[in-house]
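Following the hints, put chain B in place on chain A, whose structure we already have.
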Amino acid sequence: MKRYLRVLNLFWRVAIAAELEYRINFAVAVISSIGGLVGSVFGLFLFYRTGYTFQGWSWYEALVVLGVFTLLQGTAATFLVPNLNKIVRYVQEGTLDFVLLKPISSQFWLSTHTLSPWGLPDLVFGLIIIFYAGHQLGLAPLAYVAMLPPLALGIVSLYSLWFILGATSIWFVKVYNVTEVLRSLLEAGRFPIEGYPAAYRVFFTFIIPVAFLTTVPAQTALGRSETTWLLGSAILAAVLFQLSKWFWQFALRFYTSASS
Amino acid sequence: MPIINVENLGKVYPVAIKSPGIKGTIRHFFHRTYRNIEAVKQVSFAIEPGEIVGFLGPNGAGKTTTLKMLTGLIHPSSGTVAVAGHRPFNRDAQFLRNITLVMGQKQQLIWDLPALDSLKINAAVYDLSDAEARQRIGELAEMLSIQDQLKQPVRKLSLGERMKAEMLAALLHRPQVLFLDEPTLGLDINAQVAVRSFLKDYNERYGATVLLTSHYMADITALCDRVLVIHQGSLIYDGLLDGLLDRFAPYREVSVEFARHQTINAATLAPYGDLQSLEGCKATFLVRTGKLTDTVSKLLNHLSVQDLTIAEPPIEDVIGKVFQTGSLK
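Chains as they are written, first to last, in this note's numbering: chain A, 525 to 784; chain B, 2 to 330.
Treat the hints as calculated values from the structure; they're not laboratory data.
Just so it is clear, CB atoms sit at the ideal spot from N, CA and C, and this is done for glycine as well.
Nothing false has been slipped in among the hints.
Distance windows between CB atoms, simulated:
{"hint": "1", "chain 1": "B", "residue 1": "Tyr207", "chain 2": "A", "residue 2": "Val705", "range": "48 to 56 Å"}
{"hint": "2", "chain 1": "B", "residue 1": "Thr81", "chain 2": "A", "residue 2": "Arg527", "range": "25 to 33 Å"}
{"hint": "3", "chain 1": "A", "residue 1": "Gly560", "chain 2": "B", "residue 2": "His29", "range": "38 to 46 Å"}
{"hint": "4", "chain 1": "B", "residue 1": "Phe30", "chain 2": "A", "residue 2": "Gly575", "range": "50 to 58 Å"}
{"hint": "5", "chain 1": "A", "residue 1": "Phe778", "chain 2": "B", "residue 2": "Met2", "range": "30 to 38 Å"}
{"hint": "6", "chain 1": "B", "residue 1": "Ile18", "chain 2": "A", "residue 2": "Gly560", "range": "43 to 51 Å"}
{"hint": "7", "chain 1": "B", "residue 1": "Asp113", "chain 2": "A", "residue 2": "Gly575", "range": "48 to 56 Å"}
Partial list, computed: chain B residues near chain A (C-beta under 10 Å):
{"hint": "8", "residue": "Lys69"}
{"hint": "9", "residue": "Leu74"}
{"hint": "10", "residue": "Ile75"}
{"hint": "11", "residue": "Met104"}
{"hint": "12", "residue": "Gln108"}
{"hint": "13", "residue": "Asp118"}
{"hint": "14", "residue": "Ala124"}
{"hint": "15", "residue": "Asp128"}
{"hint": "16", "residue": "Ala171"}
Isolated chain A (complex conformation) (with noise of 0.2 Å):
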């Protein structure tokens, strides 16, 4: 454990030490950010402006679930897509080898290798927006906190999902194109799930998770959630973690490598 840490924490230094090569980058995301930010606010504002609200949300209670969902996309963009962009070129490449030959967890590797710091304007940008609609809500400080845990199982979730669809790649070995089906998916996350009808509100909490990863959390900050739905969110992120382990190591039988 101690050695994972150790190793983590080199895998970080060293990312960002050779991402700040490219400063104009990081303006560009802030401004991409800002931009994406905006869109998804006027989105929802075109929705309370008329009157119209998504059933029992009140305009800053579903405000919480855009900022949830701005904090869920800088997440995966700091964490998930640079790592999953990695795997594809390790596959395509062959230098999934070295990997595989170092005595250390290859999932661990692949999933933490890298991270990009341009996901970081979302991140902050999804906690303003929280604490804005919290205020204005007059949340107490322990409701943030209560957010945390089902935040934290939807991370899990979100990750193993993604790290799967990843795992495809030893077949697929460009699996861009998945991931990007995923995250467009994931753009229903940005509305509470109560929005959508019956039919599509099953879809997005049995199908593809999106009501764990992002309407969950901030029921859980309102102080309106069912303890079912916490345990459900408990259980699907340790069932999607477990099975993308187990599928990791399912993938890696058929993996031959890049020929030479």
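Just chain B, lined up with the frame of chain A:
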């Protein structure tokens, strides 16, 4: 007790067959037919600790496939492999700490950063303390003479320097068994010599076992007493490098320069051996080793000879000949 033991090793790959054209593509999409390719067949050998063994074969002979089975990257279809007492495919930590794989055409160092950063990560992965890592990096860097280049971004290094840094990264954990796949690929002569002498040095200093493939015969002749030759997946030779010459090239090249006053033509020279070339009064024969003294004395007695040299055929030619004909068993 051999450190590498391979018995009846085999690997079969299913390869999808696709006929050309759009029709073929559509049929291929819905219904795939596979053919089994035997990349490695019934290969057996044993390597003792501390040996440096050359692994020869043309492209596609099965060298890389064999190396991958030895390092545990792919699962053998048949046969058994033991390396340092472990079954490679389990890839248990103890096994991985004992081996390393260097691939001339692939790199593990982070491109944009100094090699030192990648080395630190490797040190942490192999659980070396900072002091230990520093000491080992210093020692290996000195052996490779790249102390100064480790602080430059890898992308700014020359190919030779980069290969040396790759070696350093691959050997930081001081493995006992080294698998090297074309470690000198694309390097200039000086860099090749440097890599070679480093490997020799490492082998002597730590008693490490080395199995290397190379297309540069100079690597093999400089480092290996023993070679394995693989052709179309089968091991066709396992023995001393010198023995390879005796077995596959039992002839010598005899070059003669005749005195000018006599008539020399192909007909007059035919009885002496397999005439390779004749230019003016210079001729080259191939003569079987058994008949060498006999032929030379005949040449000297019957004809007026100014100069005569006997040479071994270049090893590249011998290997080339083995690969062309293949079954010179």
